[in-house]
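Asks: In case you want the letters, here they are:
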Amino acid sequence: MLSIIIFTPIVAAAFLIFTRDSEGVSSGNVALAGSALPLALAVGLATSFDSGSGEMQFVETYSWVSALNINFQVGVDGVSLWMLVLTAFLSFIAIIVSLDMKDRRSDFLALMLLLEAGTLGVFLALDTILFYVFWELMLVPTYFLIGLWGEGRRVYATIKFVLYTLVGSLLMLVAIISLTAIHFKATHELSFDIRTLTHTHIPTDAQGWMFMFFFLAFAIKIPIFPFHSWLPHAYMASPIPVLILLTGAMSKTGAYGLIRFCLPLFPEAFSDMALIFGGLAALGIVYGAWIAIAQKDLKALVAWSSVSHLGFIALGIFAMNGEGIDGSVLQMVNHGIIASALFIIVGILEKKTGTRNLAQLRGLKGSMPVLYGVFMLIALAALGLPGLNGFVGEFLILMGVWTSSSLVELSAAYVLMGGLAIVFAAIYMLYMFQGAMQEKPDKLSDNVADIGAKDFGVLLPACILVVFIGLFPKIFVDRVAPTVDRLLSIEKTVNLPTHQDSGRH
Amino acid sequence: MFLYAWAILFLPLLGFIGLSWFGDRLPGAKSGYAASAVVGAAFLVSFFAFGHLLSLEPEQRINNVAVLYPWIQAGSFHLDLAILVDPLSVFMLLIITGVGFLIHVYSIGYMDGDPEYTRFFSYMNLFIFSMALLVLAADFFFLIVGWALVGLASYLLIGFWTEKTSAVLAARKAFVMNVIGDVGMVIAAFVAFDAFGTLNFVEIFTEAPKLFGENDETVLLITLFLLVGAFAKSAQLPLHTWLPDAMEGPTPVSALIHAATMVTAGVYLVARCNVLYDLAPYAMYFIATVGATTAIFAGTIALVQNDIKRVIAYSTMSQLGYMFLAAGVGAYSLAMFHLMTHAFFKALLFLSAGSVIHGLHGEQDIRNMGGLKTAMPITCGVFLIGTLTLAGFPLTSGFFSKEAIIMSAYHAPMGNFLFWSLAVLTAGLTAFYSFRIFFYAFLGNSRNPQVKAHESPPIMLAPLAVLAFFSLVMGLAGPAVMHFLAPVFGGQIPVHYEDGLLESIALLAGLAGFVAVLGLYLTDEERLEMIKEALLPFHEILYKKYYVDELYDLLIVIPTKATGKFMDQLTEKKGIDFSVDKVGAVVKQISEEISAWQNGRVRTYALNMLAGVAIILLFVVFK
Chain A
1 MLSIIIFTPI
11 VAAAFLIFTR
21 DSEGVSSGNV
31 ALAGSALPLA
41 LAVGLATSFD
51 SGSGEMQFVE
61 TYSWVSALNI
71 NFQVGVDGVS
81 LWMLVLTAFL
91 SFIAIIVSLD
101 MKDRRSDFLA
111 LMLLLEAGTL
121 GVFLALDTIL
131 FYVFWELMLV
141 PTYFLIGLWG
151 EGRRVYATIK
161 FVLYTLVGSL
171 LMLVAIISLT
181 AIHFKATHEL
191 SFDIRTLTHT
201 HIPTDAQGWM
211 FMFFFLAFAI
221 KIPIFPFHSW
231 LPHAYMASPI
241 PVLILLTGAM
251 SKTGAYGLIR
261 FCLPLFPEAF
271 SDMALIFGGL
281 AALGIVYGAW
291 IAIAQKDLKA
301 LVAWSSVSHL
311 GFIALGIFAM
321 NGEGIDGSVL
331 QMVNHGIIAS
341 ALFIIVGILE
351 KKTGTRNLAQ
361 LRGLKGSMPV
371 LYGVFMLIAL
381 AALGLPGLNG
391 FVGEFLILMG
401 VWTSSSLVEL
411 SAAYVLMGGL
421 AIVFAAIYML
431 YMFQGAMQEK
441 PDKLSDNVAD
451 IGAKDFGVLL
461 PACILVVFIG
471 LFPKIFVDRV
481 APTVDRLLSI
491 EKTVNLPTHQ
501 DSGRH
Chain B
1001 MFLYAWAILF
1011 LPLLGFIGLS
1021 WFGDRLPGAK
1031 SGYAASAVVG
1041 AAFLVSFFAF
1051 GHLLSLEPEQ
1061 RINNVAVLYP
1071 WIQAGSFHLD
1081 LAILVDPLSV
1091 FMLLIITGVG
1101 FLIHVYSIGY
1111 MDGDPEYTRF
1121 FSYMNLFIFS
1131 MALLVLAADF
1141 FFLIVGWALV
1151 GLASYLLIGF
1161 WTEKTSAVLA
1171 ARKAFVMNVI
1181 GDVGMVIAAF
1191 VAFDAFGTLN
1201 FVEIFTEAPK
1211 LFGENDETVL
1221 LITLFLLVGA
1231 FAKSAQLPLH
1241 TWLPDAMEGP
1251 TPVSALIHAA
1261 TMVTAGVYLV
1271 ARCNVLYDLA
1281 PYAMYFIATV
1291 GATTAIFAGT
1301 IALVQNDIKR
1311 VIAYSTMSQL
1321 GYMFLAAGVG
1331 AYSLAMFHLM
1341 THAFFKALLF
1351 LSAGSVIHGL
1361 HGEQDIRNMG
1371 GLKTAMPITC
1381 GVFLIGTLTL
1391 AGFPLTSGFF
1401 SKEAIIMSAY
1411 HAPMGNFLFW
1421 SLAVLTAGLT
1431 AFYSFRIFFY
1441 AFLGNSRNPQ
1451 VKAHESPPIM
1461 LAPLAVLAFF
1471 SLVMGLAGPA
1481 VMHFLAPVFG
1491 GQIPVHYEDG
1501 LLESIALLAG
1511 LAGFVAVLGL
1521 YLTDEERLEM
1531 IKEALLPFHE
1541 ILYKKYYVDE
1551 LYDLLIVIPT
1561 KATGKFMDQL
1571 TEKKGIDFSV
1581 DKVGAVVKQI
1591 SEEISAWQNG
1601 RVRTYALNML
1611 AGVAIILLFV
1621 VFK
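Chains A and B, in that order, give the protein sequences.
Residue numbering for the first sequence follows our numbering, starting at 1 and increasing by one per position.
Residue numbering for the second sequence follows our numbering, starting at 1001 and increasing by one per position.
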């Protein structure tokens, strides 16, 4: 079933590239079907997922390069489950949003579907080489989507984004191959299976740099401060549908990588570096929030708030305990829902009024009462209002940080930094919401029509989810927790032969 | 056993959801009646729970938890969605839903004709739900949820008239100030979780005395961080600046949220955590100090303000100071008693001020009022009752509750002369400013003859009459309240200190305030100008509220904004982003120099890349 989920969008994309609209087939319907099926399957999978187990489920293995024992191997556990559902959900939404596209629509949709497939593959791959292939596959459609359909300095932005991430991922490839080499030394068996490799004990000095290579790739992708500078450019240049996948799903691949690879493979290096990298994450939380306060462009404001919120996710992972990582996974889902909804709202405002500058927008409440309510709810979720979903994630993360043993020297400082960012979030979110929607309407805002059924339909699932997750977080966290507990306590059973051993022979 | 108490939460929640989704389909003033009905029903349930508690033995009245469902399980943290029904929460509920109901009914008249009448009532229901959640929460987490949701309701209602810029800004200020408080409480919850492994009140309060001694660092941390939230919500120094601005909201909102219920949440929090505070005498001393200071601070500002609602707002701050003073010296049930009487007489004052504003078509400046006793006799009467109670006139409810606090400020084990003298001085100020507005608004001749004042409709006057009645007589309920609450406070009933001398001084202080303002009122214009001129510098400081707002702007708001701009323009664009591009440029330059390898064939590039990776690999694996 998992391979069907990955290949459906690819097939749909191929179909779109070869047929286009002219053949009497609506590219929109093909794309909708190509993204609706994975969503339906993903939701079905989530309901039949065994929440008591922390192991990989629904595993499928097909031989790929048998000489090197590289397999097309996919599976889900508690962490990837929600990433799968989130990606399928956001892709479906993004496809709906991009239906309005006039310019070369079928190509755009095909690339969107490819991006979905790449992202899904990253979350589902159990083979390190397969993971790497999907990781790079995400870049290709992104490059063209921003470069061809973007706005502003789109080519500069897209080249910067691709080169930056490429630097990280090539280093990761080195680490991936070295990982198998070390395993080979110990067992004389080639394996790229992440489940096998996590049981290999990696010598401490090798752990250091291999961790760094993986970390760099993931840190750039999330991004963690100070590797974030591609983000404002890429976000500002992206069309809204691309942005939904970029911020909602793709940014999560970095955080996912930290949990899937760095944490179980290099636990010692991870806990040695947690204090420093957790510090970077905490700095990013405050830095992003602080810059967001100074923004007048709604898109830039949401982009910078994302830097802040993604920092929370990274920080929770470095807490290295159940509360922190459970919170991070939940927050990945939350941020995916909230940030994409905010970007959709920004897109709607820009389309209706022709501007997204807070200096020009005001008083839209009167003419857009429905959007007013939706915007308020999403903004409240984004600023972490207790009772809604964002707060549950932030609370768990900061609680994890407070009780963390890997961050213990500075945990209070990191929590205070998180607290400062929450106060800032209240300031910039209300500034954004009130600035656009309240006060006396002027000419611009009087002649605007409220959102129609389609826009409302796109935003409604997000509205329901922010309330639902806030009321019933247990449904989500219960499926994550066993996996996180397992990843935190993996036993290293495969040891390298030491030099003394070989000397005796 | 107390599962039915969930109805107290669900009724107003239902009202909120129903009115915000379907309210527009209700014709005319129906939404106001629907909203009032759900709050009235919630009051009846609360009253039933009150009777239920009374029917139990005193030791069975506490620690009754009603679990709805398990809410989360992450790592070692687990939590149920549960409520705690005990004398303290039921006592608060009776005030919230009781006074809340009266204010809902009043609002039917007051908000009549407002284009967003329905939205107003849905927010009011949201507030009642949130406040009920706050007092019913059985753990720190849902306390914080309720805490933040009342902040949200307050934000929505302060900024209810969204086209008014001043209201929008005031709402944002209140929200941000309260988020600061929320963060403090969240941190307190973390410390508590770290120390106790749970956020559950019952477990924490049972464990705390066993685990920690007096003034243990952990307990001090918890109690002090909780105070950040308490002071922000209850507008105590230095987190008070949002409350006067909150008067931008409709007057019933000021009465319900910014006088009778929400702002007292801080006092409730201290009372709820009395077990922890008893273990932290340093924190208690801090509470009493802040309370006494705020009482006199706000009392002095109230002397000179001209906006009728702002005077009452500062008076609220001042009275909240009394409550914190009482809690700080360990007299929790006196604090709760004053909370109750204050809820009645302050709601009464606000609502009758609202009646005045309503009758004068929006006029709020007392300098433009005068002579209203003929045009609005009933409002005048109830306002006088409110004023007398606020000033602590003997035998009114305010007299009993305030006297008891003033006495324990000196005689309680934690009390001292300084607390007592501040409290007495504040009593004098209270009499002064409360009669000042009464004289200005109701006596003499009208200062603005163009405006024809009219008495408010019966639906507004009826709640006023009920509140006036309770303001007068509820002082007699004091001993009963103390007995009812005693199980929550470890069975303690505060001693009633008999001290004729101190009592007389306190009474004289009130009398002095009254005589002073009466004297000023009777003084002729010419002399008044003279006095004004002589006192101008003091007047200016008080009128500008000790320049606290300006100070915060200068020290916090402006630097924060400037730093954000600075980081955006310099750190980011000229720093991080620039250096990343620089790295790219250098790499490009180098590659141009070795561009001999660049023959344009993709195959060669791929080969180069592979070779590069292979070299690194070889180095890494076989080093």
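Any given hint could turn out to be false.
[What the hints assert, rightly or not] Below, in silico cross-link-like pairs of lysine-lysine (DSS-like), each with a Cα-Cα straight-line distance of 30 Å or less:
| hint | chain 1 | residue 1 | chain 2 | residue 2 |
| --- | --- | --- | --- | --- |
| 1 | A | K351 | B | K1164 |
| 2 | B | K1582 | B | K1565 |
| 3 | B | K1582 | A | K296 |
| 4 | A | K296 | B | K1574 |
| 5 | A | K296 | A | K352 |
| 6 | A | K440 | B | K1030 |
| 7 | A | K296 | A | K351 |
| 8 | B | K1573 | A | K351 |
| 9 | B | K1565 | A | K296 |
| 10 | A | K443 | B | K1164 |
| 11 | B | K1565 | A | K351 |
[Claimed, not checked] A partial selection of chain A residues facing chain B, derived with a Cβ cut-off under 7 Å:
| hint | residue |
| --- | --- |
| 12 | I291 |
| 13 | R362 |
| 14 | K365 |
| 15 | G387 |
| 16 | M399 |
| 17 | T403 |
| 18 | G419 |
| 19 | V423 |
| 20 | Q434 |
No lab work stands behind these hints: they were computed from the structure.
Using N, Cα and C, we set each Cβ at its ideal position, and we do this for glycine too.
Asks: Checked against the structure, which of the hints given earlier come out wrong?
Replies: 13
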